[in-house]
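Respectively, the protein sequence lines represent chains W and D.
The opening position of the first sequence corresponds to residue 5 in the numbering used here, with each subsequent residue numbered one higher.
The opening position of the second sequence corresponds to residue 2 in the numbering used here, with each subsequent residue numbered one higher.
Just so you know, the hints here were simulated from the structure itself, not pulled from any lab data.
Any given hint could turn out to be false.
Straight-line C-alpha distance at most 16 angstroms; calculated EDC-like pairs for lysine to aspartate or glutamate [stated by the list, open to error]:
no. : chain 1 : residue 1 : chain 2 : residue 2
1   : D       : 14        : D       : 53
2   : D       : 14        : W       : 155
3   : D       : 13        : W       : 155
4   : W       : 192       : W       : 139
5   : W       : 6         : W       : 46
6   : D       : 14        : W       : 156
7   : D       : 13        : W       : 156
8   : D       : 43        : W       : 60
Label-pair distances were calculated between CB atoms; the ranges are [claimed, not checked]:
no. : chain 1 : residue 1 : chain 2 : residue 2 : range
9   : W       : 72        : D       : 31        : 24 to 30 angstroms
10  : D       : 20        : W       : 175       : 17 to 23 angstroms
11  : W       : 34        : D       : 34        : 39 to 45 angstroms
12  : D       : 7         : W       : 32        : 49 to 55 angstroms
Note that beta-carbon positions come from the ideal geometry of N, C-alpha and C, so glycine has one too.
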Amino acid sequence: MKFAVITFPGSNCDQDCYHVAQEVLGQPTDMLWHKDAQDLSEYDCVILPGGFSYGDYLRTGAIARFSPIMNSVIDFAKNGGLVIGICNGFQILLEAGLLPGAMKINDNLKFVCKYVNLEVVNAETPFTNQCNKGEILQVPVAHGEGNYHIDEDGLEDLIANDQIVVRYEDEAENPNGSVMNIAGICNKEKNVFGLMPHPERCSESILGNGTEDGYKIFASILEYVTKGSEQCG
Amino acid sequence: MNWKVEIKTMLKKSILDPQGQAVESGLDALGYKNVSDVNVGKHMELVVEDVESKAEVESQIEEMCERLLANPVIEDYTFQVEEMEG
Chain W
5 MKFAVITFPG SNCDQDCYHV AQEVLGQPTD MLWHKDAQDL SEYDCVILPG GFSYGDYLRT
65 GAIARFSPIM NSVIDFAKNG GLVIGICNGF QILLEAGLLP GAMKINDNLK FVCKYVNLEV
125 VNAETPFTNQ CNKGEILQVP VAHGEGNYHI DEDGLEDLIA NDQIVVRYED EAENPNGSVM
185 NIAGICNKEK NVFGLMPHPE RCSESILGNG TEDGYKIFAS ILEYVTKGSE QCG
Chain D
2 MNWKVEIKTM LKKSILDPQG QAVESGLDAL GYKNVSDVNV GKHMELVVED VESKAEVESQ
62 IEEMCERLLA NPVIEDYTFQ VEEMEG
């Protein structure tokens, strides 16, 4: 399978994502510059990485959302292509309207950088099929605006359609005050996934951080693309 | 004609504002015990050039707020348009 990682001005997790996709997962991966609008149909999965695109000016992700390549990403997603947005990438997906809801500043007003326990709520998505429902993953977060908000009707929709993919294990693990401890959601069609935690930062044992749980997210994508949607999610 | 525009965005009333709460507790710590309902928003100023009617400017600003300057999911916006002299 083939990955694309998009670099915006201010992205700082793009090389990590590239490394995990290309070297750890062993799949051909291209780095694409945000100004290069192009047909993405040769790719199986597009990664919007973490960072501080455009310095988080105005609102996180608000300006990156209008980068030329985002029209290509929206077309790609509408055609069923897999899109994963990590941290700032999640914020960009929200601003682009590819996922519902919005981000607020963390309720404790702090930038939180630590490992959290994540519960897999839906293990039947292209991004979590290598996990078990209810499994706890240890994955680091690093953000100041991850306080996910959605109105009540929207929340009911998320629940009814199994769109809550991962959440912080409990209130104590929730680093930002997000509604229902939500850490990551997908769209109704399940091909667009955004999450605040950074699976690319814990995908190999050589880092010595005691967890490789993030690898399961990337392995799920590979499984879905190579085995097809019928077997997994 | 050129127009001076001031735009204000605020979190919707129904949404808890963590910044407002922190500012409120700061004011409380300074001894201002009679302060409540603190909300923090953004103020933007800009100039729109070469548009003849105020209504046209207003509809452009409205569109700009909906598309970029505010996030309608969590924010309300208001704006004022004034004709510039000279």
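Against the structure, the hints come out as follows:
Annotation: proposed proximity of residue 14 (chain D) to residue 53 (chain D) is violated, straight-line Cα distance about 35 angstroms (limit 16 angstroms). About 13 angstroms separates the Cα atoms of residue 14 (chain D) and residue 155 (chain W), which keeps this hinted pair within 16 angstroms; it holds. With a C-alpha separation of about 11 angstroms, the suggested pair residue 13 (chain D) and residue 155 (chain W) falls inside the 16 angstroms cut-off, and the hint holds. For the given pair, residue 192 (chain W) sits about 22 angstroms from residue 139 (chain W) by alpha-carbon distance, which is inconsistent with the 16 angstroms threshold.
Note on residue 6 (chain W) and residue 46 (chain W): the hinted pairing holds, with a Cα-Cα distance of about 8 angstroms set against a maximum of 16 angstroms. For the given pair, residue 14 (chain D) sits about 15 angstroms from residue 156 (chain W) by alpha-carbon distance, which is consistent with the 16 angstroms threshold. Restraint check: the Cα-Cα separation between residue 13 (chain D) and residue 156 (chain W) comes to about 14 angstroms, which is no more than 16 angstroms; the hinted pair holds. In summary, the hint linking residue 43 (chain D) to residue 60 (chain W) is supported, as the alpha carbons are separated by about 14 angstroms, within the 16 angstroms threshold.
Taking the beta carbon of each, residue 72 (chain W) and residue 31 (chain D) are about 48 angstroms apart, not inside 24 to 30 angstroms as hinted. Between residue 20 (chain D) and residue 175 (chain W) the beta carbon distance is about 21 angstroms. The supplied range of 17 to 23 angstroms therefore holds. Between residue 34 (chain W) and residue 34 (chain D), the C-beta spacing of about 59 angstroms breaks the proposed range 39 to 45 angstroms. Between residue 7 (chain D) and residue 32 (chain W) the CB atoms are about 51 angstroms apart, so this pair conforms to the stated range of 49 to 55 angstroms.
The structure fails to meet hints 1, 4, 9 and 11 from the earlier list, while all remaining hints are met.
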